[in-house]
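Colleague: Residues per chain, in single letters:
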Amino acid sequence: MSEVKDNQGPLWEVFIQSKNNLPYKHAGSVHAFDGEMALQNARDLYTRRGEGRAIWVVPSNQIISSVPTDEDSFFDPSDDKIYRHPTFYTVKEGVKNM
Amino acid sequence: MDEAKQEELFWKKIEAEEKIEPKDWMPEDYRKNLIRQISQHAHSEVIGMQPEGNWITRAPSLRAKKVLLAKIQDEAGHGLYLYSACETLGVSRDTLIEQLHQQKAKYSSIFNYPVLSWADIGAVGWLVDGAAIVNQVSLQRTSYGPYSRAMVRICKEESFHQRQGYEIITQMANGTAEQREMAQDALNRLWWPSLMMFGPTDKDSPNSAKAMKWKIKRESNDLLRQRFIDKTVPQAEILGLSIPDPDLELQADGSYKFGEINWQEFYDVVQGNGPCNKQRLDHHIKAHNEGAWVREAAIAYGMSKSKETIAA
Ligand SMILES: [Fe+2]
Ligand SMILES: [Fe+2]
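Chains A and B, in that order, are what the protein sequence lines are. Each residue of the first sequence is one higher than the one before, counting from 2 in my numbering. Each residue of the second sequence is one higher than the one before, counting from 10 in my numbering.
It is possible that some hints are incorrect.
Below 30 Å or equal to it, Euclidean Cα-Cα: the simulated DSBU-like pairs (lysine-lysine) are [as the list claims (entries may be wrong)]: (1) B:K41 with A:K26; (2) B:K22 with A:K82; (3) A:K26 with B:K22; (4) A:K20 with B:K165; (5) A:K26 with B:K224; (6) A:K26 with B:K295; (7) B:K314 with A:K26; (8) A:K82 with B:K14; (9) A:K20 with B:K316; (10) B:K75 with A:K20.
Keep in mind the hints are simulated off the structure, nothing from the lab. Values in this document were obtained by computation on a predicted structure and should not be read as measured data.
Same shape as in the complex, but just chain A:
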């Protein structure tokens, strides 16, 4: 086991669902020594005014993210498929409810 040094505990990322049926949104981070403590700290820190109905906490070192410098090539495949958008198609004038 590594030596125990006085510290604030590992970092956790906090995601909050503000209302039922809305996606979870990143709020920030907290320090805590286990998941339960992370949840309680996140509640105290990020939901003092009813900002959330549900919380996820994830150890920060478990998050895998895309690399910003590869942004262009990474998201390339979506750029040339304009036919995925409804505006790609022409609809005869007078056609309704489409």
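Assemble chain B with the ligands onto chain A, guided by the hints.
Modeller: Then chain B with the ligands, alone, in the frame of chain A:
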């Protein structure tokens, strides 16, 4: 991608008002300056709890006590949002606290003034939070994403702080002759230090230019100070309190001309010679050290739990 290309990309983003995110390439100086500014801001929120915390047990009513507690709890929250933003730049919370204790990092000099009466608590909410709001509203547009988002969240909470302060000072100003005098006295003592919160004048603030170029800072010290004065003077007038500045003068454009700030006092307090510098720092160090056993126990508990999970 080579560094020149990355730097070009960085400046393109800054120019386009896009936010820089933690994993983005950034100049080392930009990162350093951000760490300095955000950590100073975080420490200010946390140290700022001390003068107000002194009054929790002496609040004049249960309502006043509940409100003050909630306000101070928010300030702790602000400190944590900002530490959290600062940590995305690759510096640990422990390092930040160590820098504060070793006086390598500063906090706002306003908190080195004593809070002597209940009227001062009102003046702090009204003036100190008021000045902080002017600064923080401007910083919502700062170029670093996590800092900007912390500012947005903080600004949402601040207006309650200023209102609760103004409510207290209003009650005092409309109270007995003695209470009124306390309100005026609080304004007399805290007015000039509040103006100093915006920092040196633009011509004496060499760091500002760089921070503005990077868009870490969005508006100049003098401009923000003027905005605060123009907002606050009419609020004092409504209460019948007078601003302790004989040179204050309403100008044709609706803004106020104001007197010379005592910059010697500002630099003295910044350099550690204010009335409460030592007390504030000593208290923070003491509280931190006294909490060491709690963290130790929590570390041991956390480790035993993660072992359990691995075993299961
Ligand atoms: Fe605050
Ligand atoms: Fe505040």
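Colleague: Would you mind marking each hint as holding or not holding in the structure?
Modeller: Hints, verified against the model:
1. For the hint pairing K41 (chain B) with K26 (chain A), the CA-to-CA distance comes to about 28 Å; that is within 30 Å, so the pair holds.
2. For the hint pairing K22 (chain B) with K82 (chain A), the CA-to-CA distance comes to about 26 Å; that is within 30 Å, so the pair holds.
3. Proposed proximity of K26 (chain A) and K22 (chain B) is supported: the alpha carbons are some 24 Å apart, at most 30 Å.
4. Under the criterion of a C-alpha separation no larger than 30 Å, the hint pairing K20 (chain A) with K165 (chain B) is consistent with the structure, at around 19 Å.
5. Straight-line distance between C-alpha atoms of K26 (chain A) and K224 (chain B) comes to about 26 Å, which keeps the hinted pair within the 30 Å bound.
6. Of the supplied pair hints, the one linking K26 (chain A) and K295 (chain B) is violated, its CA atoms being roughly 37 Å apart against a limit of 30 Å.
7. With a C-alpha separation of about 28 Å, the suggested pair K314 (chain B) and K26 (chain A) falls inside the 30 Å cut-off, and the hint holds.
8. Using a Cα cut-off of 30 Å, the hinted pair K82 (chain A) and K14 (chain B) holds, with the two alpha carbons roughly 28 Å apart.
9. This hinted pair does not check out: K20 (chain A) and K316 (chain B) have alpha carbons roughly 35 Å apart, beyond 30 Å.
10. Between K75 (chain B) and K20 (chain A) the alpha-carbon distance is near 27 Å, which keeps this suggested pair within the 30 Å criterion.
Checked against the numbered hints above, the structure breaks hints 6, 9 and satisfies the rest.
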